[in-house]
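Top to bottom, those sequences are chains Y and L. For the first sequence, the numbering used here assigns the number 1 to the initial residue and increments by one for each residue that follows. For the second sequence, the numbering used here assigns the number 237 to the initial residue and increments by one for each residue that follows.
You may find that some hints are simply not true.
Here are the simulated distance ranges between beta carbons [stated by the list, open to error]: (1) L:Glu440 with Y:Pro187: 52 to 58 Å; (2) Y:Arg182 with L:Leu303: 30 to 36 Å; (3) L:Glu444 with Y:Glu59: 44 to 50 Å; (4) L:Gly432 with Y:Gly13: 28 to 34 Å; (5) Y:Glu219 with L:Val266: 40 to 46 Å; (6) Y:Asp8 with L:Ala309: 48 to 54 Å; (7) L:Arg418 with Y:Glu15: 40 to 46 Å; (8) L:Ala309 with Y:Val184: 22 to 28 Å; (9) L:Asp273 with Y:Pro70: 53 to 59 Å; (10) Y:Pro187 with L:Pro423: 17 to 23 Å; (11) Y:Pro120 with L:Glu440: 16 to 22 Å.
Everything labelled a hint here was simulated from the structure, so no lab data went into it. Using N, Cα and C, we set each Cβ at its ideal position, and we do this for glycine too.
2 protein chains.
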Amino acid sequence: MNLLLLEDADFVGGERVRLSGRRLKHLHEVHRAETGDRLRVGHLGGLMGEGRLIALDAEHAELHVSLDQPPPAKLPLTLILALPRPKMLKRVLQTVSAMGVARLVLVNSYRVEKSFWQTPFLEAEAIREQLILGLEQARDTVLPEVSIEKRFKPFVEDRLPALAAGTLGLTGHPGDYPACPRAVEQPVTLAIGPEGGWIPYEVELLREAAGLQPVQLGERILRVETAVPALLARLF
Amino acid sequence: MNLLLLEDADFVGGERVRLSGRRLKHLHEVHRAETGDRLRVGHLGGLMGEGRLIALDAEHAELHVSLDQPPPAKLPLTLILALPRPKMLKRVLQTVSAMGVARLVLVNSYRVEKSFWQTPFLEAEAIREQLILGLEQARDTVLPEVSIEKRFKPFVEDRLPALAAGTLGLTGHPGDYPACPRAVEQPVTLAIGPEGGWIPYEVELLREAAGLQPVQLGERILRVETAVPALLARLF
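Just need the whole structure built from these sequences, with the hints factored in.
In structure tokens form, the structure reads like this:
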């Protein structure tokens, strides 16, 4: 963790926080922290800055924090992602959060296995846990907004048009399409399919109902967890 | 697997192959293949094309193959990568292979934990296994060249200058450096550090001995498995 992320409940005074649990363990085992050490800290949803460790034992850590820097800007991106398999979902959530995606929509698709929707990793608390790990990795304090859409057609027809309005709408899909644009200046709505890709009906509906144009990233088929950072790094 | 990758030993005639083991299992369990099915195939190190399943049972599969297409071009890239932790190494090898990196050098760095060098995943056969998975994913037949350099300084001083000669030499490193260039036209040598990054001495030696200029990818700190596809997608 490259940033010690603090939540409201950690504050025991205006500039004083008290930690236990996972973050305390990390301070001991990974940072091998000692009283007096200075660490990068951030307030979830708020500012970042420096914390000074004023007390540390097996039960608790106390820090005096000084928060004066804004978090990095979010990518102006709504990512529409066909639900990946559970193990990949965890890593993709961390990546999405670390790379600064503003909004993530996990959506069904014909090639998403039905069993994927049963995973406990889709529970709100489990999603939040992975997003927090991504923020700690990348040094950010602002969680992406995540929503879940179990039905593709009503989402794309009824809600995606408003989400995508005024943005550059793109569907990542291998095939005879224009190359994914580079270094765009405007906000983007990007749809990335499941393993095996979107089916033609889905590509068409994304285009017709919500204006998302198919773009490709070359002839190599990438896993979702590789395609996500590759497409994001190319777009922004 | 998006490509059934065939090795010399699989061929029982000029256009006839016989498979067992992992690939047979995959044909049964994932493809649910049946006699007569047509599959994308490739010959390791050679051409790609189509295979027709002419026999299939619990013990073997036989295919008639027709190979007439070249594999996708490699990225003109030598990637110098500080050895990642073993679990991440496996995934990064797959990514490197899937994205078409021509040459990979796994190198030591001050912040690489010594224990990482003990992993069985560094054995030649284990590396090859992950690279093959990457080729099968991306539909490629040509393995990247992989070499292992356990001592940073002699590698950078004595061998890297020749590897990097005539290429655009870059070190990915967070900090007050120019942004990583986009869509370059020439071959690239790119050094990516370990978790925690290169130390200043290493960044300097890469620059002084081998001409690799530090470049950054924004203020967010990415995991190696995210930074690799992000940097590659931006460069090429």
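Which of the stated hints cannot be reconciled with the structure, identified by number in ascending sequence?
Numbers 1, 5, 10 and 11, in rising order.
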